[in-house]
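Asker: Residue-level listing of the chains:
Protein chains: 4
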Amino acid sequence: MDKLKVAILGATGAVGQRFIQLLDNHPWFEVAELVGSERSAGKPYIEAANWVLDGTPPTKIAHMTVKGLHDSLESPLVFSALPKEPALLREVELASAGHVVCTNASAHRMAEDVPLLLPEINADHIGLIDVQRRKRGWTSGALVANSNCTTMPVVMTLKPLMQFGITRLMMVSQQAISGAGYPGVASLDILDNIIPYVSGDEGKMETEPNKMLGKFNGDRIEAFEVISSATCTRVPVIDGHLVNISVSLAQQPTIDDIIQAWESFRGPAPVPSLPSAPQKPLQYLPQIDRPQPRRDRMFGNGMATSIGRLRQCPILGYKFVTLSHNTIRGAAGCSILNAELLAVSGYLGEFTPATVDRLQTGD
Amino acid sequence: MDKLKVAILGATGAVGQRFIQLLDNHPWFEVAELVGSERSAGKPYIEAANWVLDGTPPTKIAHMTVKGLHDSLESPLVFSALPKEPALLREVELASAGHVVCTNASAHRMAEDVPLLLPEINADHIGLIDVQRRKRGWTSGALVANSNCTTMPVVMTLKPLMQFGITRLMMVSQQAISGAGYPGVASLDILDNIIPYVSGDEGKMETEPNKMLGKFNGDRIEAFEVISSATCTRVPVIDGHLVNISVSLAQQPTIDDIIQAWESFRGPAPVPSLPSAPQKPLQYLPQIDRPQPRRDRMFGNGMATSIGRLRQCPILGYKFVTLSHNTIRGAAGCSILNAELLAVSGYLGEFTPATVDRLQTGD
Amino acid sequence: MDKLKVAILGATGAVGQRFIQLLDNHPWFEVAELVGSERSAGKPYIEAANWVLDGTPPTKIAHMTVKGLHDSLESPLVFSALPKEPALLREVELASAGHVVCTNASAHRMAEDVPLLLPEINADHIGLIDVQRRKRGWTSGALVANSNCTTMPVVMTLKPLMQFGITRLMMVSQQAISGAGYPGVASLDILDNIIPYVSGDEGKMETEPNKMLGKFNGDRIEAFEVISSATCTRVPVIDGHLVNISVSLAQQPTIDDIIQAWESFRGPAPVPSLPSAPQKPLQYLPQIDRPQPRRDRMFGNGMATSIGRLRQCPILGYKFVTLSHNTIRGAAGCSILNAELLAVSGYLGEFTPATVDRLQTGD
Amino acid sequence: MDKLKVAILGATGAVGQRFIQLLDNHPWFEVAELVGSERSAGKPYIEAANWVLDGTPPTKIAHMTVKGLHDSLESPLVFSALPKEPALLREVELASAGHVVCTNASAHRMAEDVPLLLPEINADHIGLIDVQRRKRGWTSGALVANSNCTTMPVVMTLKPLMQFGITRLMMVSQQAISGAGYPGVASLDILDNIIPYVSGDEGKMETEPNKMLGKFNGDRIEAFEVISSATCTRVPVIDGHLVNISVSLAQQPTIDDIIQAWESFRGPAPVPSLPSAPQKPLQYLPQIDRPQPRRDRMFGNGMATSIGRLRQCPILGYKFVTLSHNTIRGAAGCSILNAELLAVSGYLGEFTPATVDRLQTGD
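Chains as they are written, first to last, in the working numbering: chain A, 1 to 363; chain B, 364 to 726; chain C, 727 to 1089; chain D, 1090 to 1452.
Mixed in with the good hints, there may be bad ones.
[Claimed, not checked] Below, computed lysine-lysine pairings styled on DSS-like, alpha-carbon distance capped at 25 Å:
#, chain 1, residue 1, chain 2, residue 2
1, D, K1149, D, K1173
2, B, K423, C, K793
3, B, K498, B, K406
4, C, K769, C, K786
5, C, K941, C, K930
6, B, K447, B, K430
7, C, K930, B, K643
8, A, K135, A, K60
9, D, K1149, A, K280
10, B, K366, B, K423
11, A, K60, D, K1369
12, C, K941, C, K1006
No wet-lab data here; the hints were simulated from the structure.
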């Protein structure tokens, strides 16, 4: 068995659970360590965690003992579902100690030498790891972030439009409750209701795309220049963040040009062949009333983005709706895809591209 | 008993029921005739209608016999909750036969000689009735419309900003299910879901404000010029339409200037003293996460509009959130307020301002 | 101004807020002191409390300073919305210090000398206060409890059936989320879901009715003997607990007998004339699909109980559905009604029945 | 390709869609004909059907032309998702014409010679087909029904308890909205609400178990004698019917005996090896608050039943909660499993057990 051992930080929380679920039977990675808060440390996972996803945790996970946040780890690869505060120090400590940390936390996203990686979009930003290692004196360790869960479908959707010259971007999101973790949103706040505010997310949506869509010049990311305005709201939906977008495109493509750009988009090699990559990262739905969170969030196993309602916007030129699953593509699933890209790119130490080949062919 | 007899068209539907509920114990008007479809005609109201509001219909209403759509009516004042198609002909027939028709239907809203009346905003548009009567050869009859339920909070909110020079307007709505009537939205379509489309509403939101905020020059309405872009979505909320707005204001007022303009807004005399007028048509909520549909829709008995989250918009200058109750202020309640304005303005025939005075003083 | 000053314990919580809302403009009582946790003490109420009810707190309340749980109080009458643990000691301390404590907490409900008071049902149990004072050596103080919020509609519904000889009682509840307080039920647990368990409530439903329907013999309550089985579930409803009941009645009355017993039920004098008493404590709804929580919970301003679907039960004889508002009749509203009964019964010290008369007549 | 061609009646409705979804890539059956109402006939499926399940219909289905209800069919096997009225005649016509009809409709369930088949429970009732054919003069045709969707989890749960002597059965259901089809339950009726009534279901739950748990004596079903009382309610849940059960067991087994009976239950050979059969038909969940519809409905791909909260009932002896997916196990999935049992039992004409073997081994 050549599978790479991985640890999950924040394993008892909602995103941590999604990591466990998505890594069950992963072809390359194997969950070896579960890390929780001090309150959870020492307990079997089944007792420490209140499993909020469907069904029950995988049997082998249920009986693993949860480690404390400051316990040392053996796993070369670490997925982090930590809240921002504990992530700040602990993720750096672990990377510094030689672990590759793929994190969903916001703590280090905007750090100059941390790639904000979304493989279909900016796989080449992975080169920033070399800069990071040089600058921080790390050898095997690394810190790779993925974006905010609402930024995700926006950036996925914008990438194929960059050829048309994006200049201004207006976004109004309708975000699922799972985006707030567990217990997260109180039912008394959201049943028969909308909360027109999501703490911190508007700022992230107005800045993360500029980094993610930027150009890696071998040394740093040159930010993509776009003026953005975001409004974030919380809605009574379990999973799936929907974003209403208006955008200005300098070259004024036709509606068909844009749909064609989305439908033909695949992302650069080797991304489409990674185990967690969706066959089709983007789908354009022709129905007048789609995408819808409940019906479209699981497209591409929750790793793909659905778009609909492309039409003229009297103010910015074009408007449409985009959707993706916030705890799969927008969180745990993206971190895993990032790690897969690191694997085939030789950034996971002894777990080399050759190891991957062996696992793939079953030799 | 001097109260004016009124008829309700479409009395068995969701908005028809709201008319009945709001007119129960109205100081000036008294429900005398209930009009339904041919299927309902001849039945007691309690059998013809599936009451979808809270509780049960008022006892005196429950036992009234429903009339057919084409039966002649005695009531001088007619409230219409008809769908667009039947409204088209029937409302004109009734106005032509001498009835004053206050309608919530969209059929005649954009007709050049029909006031799209929202008393706090454009009470002077009532003068268009004289034009209408002259043009159509009507003497006592009239046809007065109120706006789309989602347009309502937008226009209420914009009126006090006109002094600052509104040039562009971006709107993304989150609309309650009651806006689609009954049975309306299927539960399988909206539970744990968002529908990013509401048939017909985007066009209405992009055109009705121009008429409503326009200037009556004694002959016709000179449209207010503003470039608008609307996106309408349906959310799992019972009542209360929320609209996320970005707006450009030529004079670049401060945040405080705008809040002050909203908070001090009252509407022209005699509107604030009408029975259904809210004491305060607009309230600005300082909390970071308000207004919310469930918690704020009943402000001012459902007749007032709540605003929140005013802040800079990097693209259009200002953004904020507005909310009002879609079947009270946005439908039946507004028609009733319109009729009250007609009463004190002498447009209800023998039910003169003097009659109103007698009812008010109890003499 | 003769109004009696009252204090509210647990004033920042969901039931505490309901006390504030229901006491706004109460004809006899006036909120003078708000008591919260140590975290809240010293802050203005508006800052200490996250108001979860509709709208915003009454202005005069918003600016009152919250006291700490152990601060001494001036108000002769104290309403308690404390959780069980802090209620245990603090309520006794306050009663012992001379305050009359009307509590919604479960801590003392089953104590032998504490009346579990539901005025329409067992107003005479108020005499237990004399026993309590004698036994505990209290002079002006007293401790009066109201029942669990799900027990409430059951007991209201059973009282008029006692004449038929109740022997066995099967209950399956569907309880609103507000019953769990705030933040209470996580939205991730209840959206598109049912939780077939409510901690502690089944035991309460199987024991409290026996005490409440028991007979006060001048010295203690002789329990009413009935065998009960309860199942409690949580459903995605904001307010209103619905209970599906099957019951055995020894005398096998007709369906009409039972409906007549409910419809004619009023409760003993002077209860029906108390300010918070509903005009009609029970209504039987003939519609096949009622009562429903959203549509019927506000019957009688949330103080009355609705019943429907009475029919034969092949096992126990009769089955039906009952509903009441859990935070009004089932919590704060009942405590207030209890206090009103104490007032007219002379148990509130210097706030005598004569004071009540003066307030009523405005002299 | 040896797969058996099948037709789906009522293919555009909610249960019809579930048939299509579950038959996609079925190892033995292949959808060849889609039958809709006259309104749908002649249209491509994608235009005729409003797909209400997740995602979009399988591509090959989307472009098939829908047939009318009275068109003749080629497929030997017919799945019916018809409403009761059209099912009454059409299903008999088709069986009479030689088709094997596996129906989810209630029209013929209680007919003496129609098996009400639930393979794990009463696979031997399949013998009733011989009686049916003899009696009706059919040769290759047959009519096989599955039970009401709420009866399903009840009967699954009771079967292993029959050894303990079931005498009385009390049921209170909480049923998902998908049970009412599409458009089905209006969102205005169910959001923030419970409807304590489901038309027709209480009667079915009180009679169907007696037939299903009965004994086939070679000639007819001898009903199982149990006194049942059912209450059915509708709740705001998408999929998954939950039933709260109290039951009397003559032999008074221990709690552990019962759990053991459920956990070890597998159903008779060859049922467990059928393609749609769940590995484990029943699971007992030890958590205090399970099963829950959203979290447990997909257990066993929606074909298995989850049970929880087994405890003493002071009145009937035992109580517990059971749950299964109403449109998979409770409808389309059960019809398909029934057809699979017919296949391996030689009731599908030329599609013999040998054909099945060939398909299984891929020869």
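Asker: Of the numbered hints stated earlier in the document, which are not met by this structure?
Answerer: As far as the earlier hints go, 1, 2, 3, 7 and 8 are violated by this structure, in ascending order.
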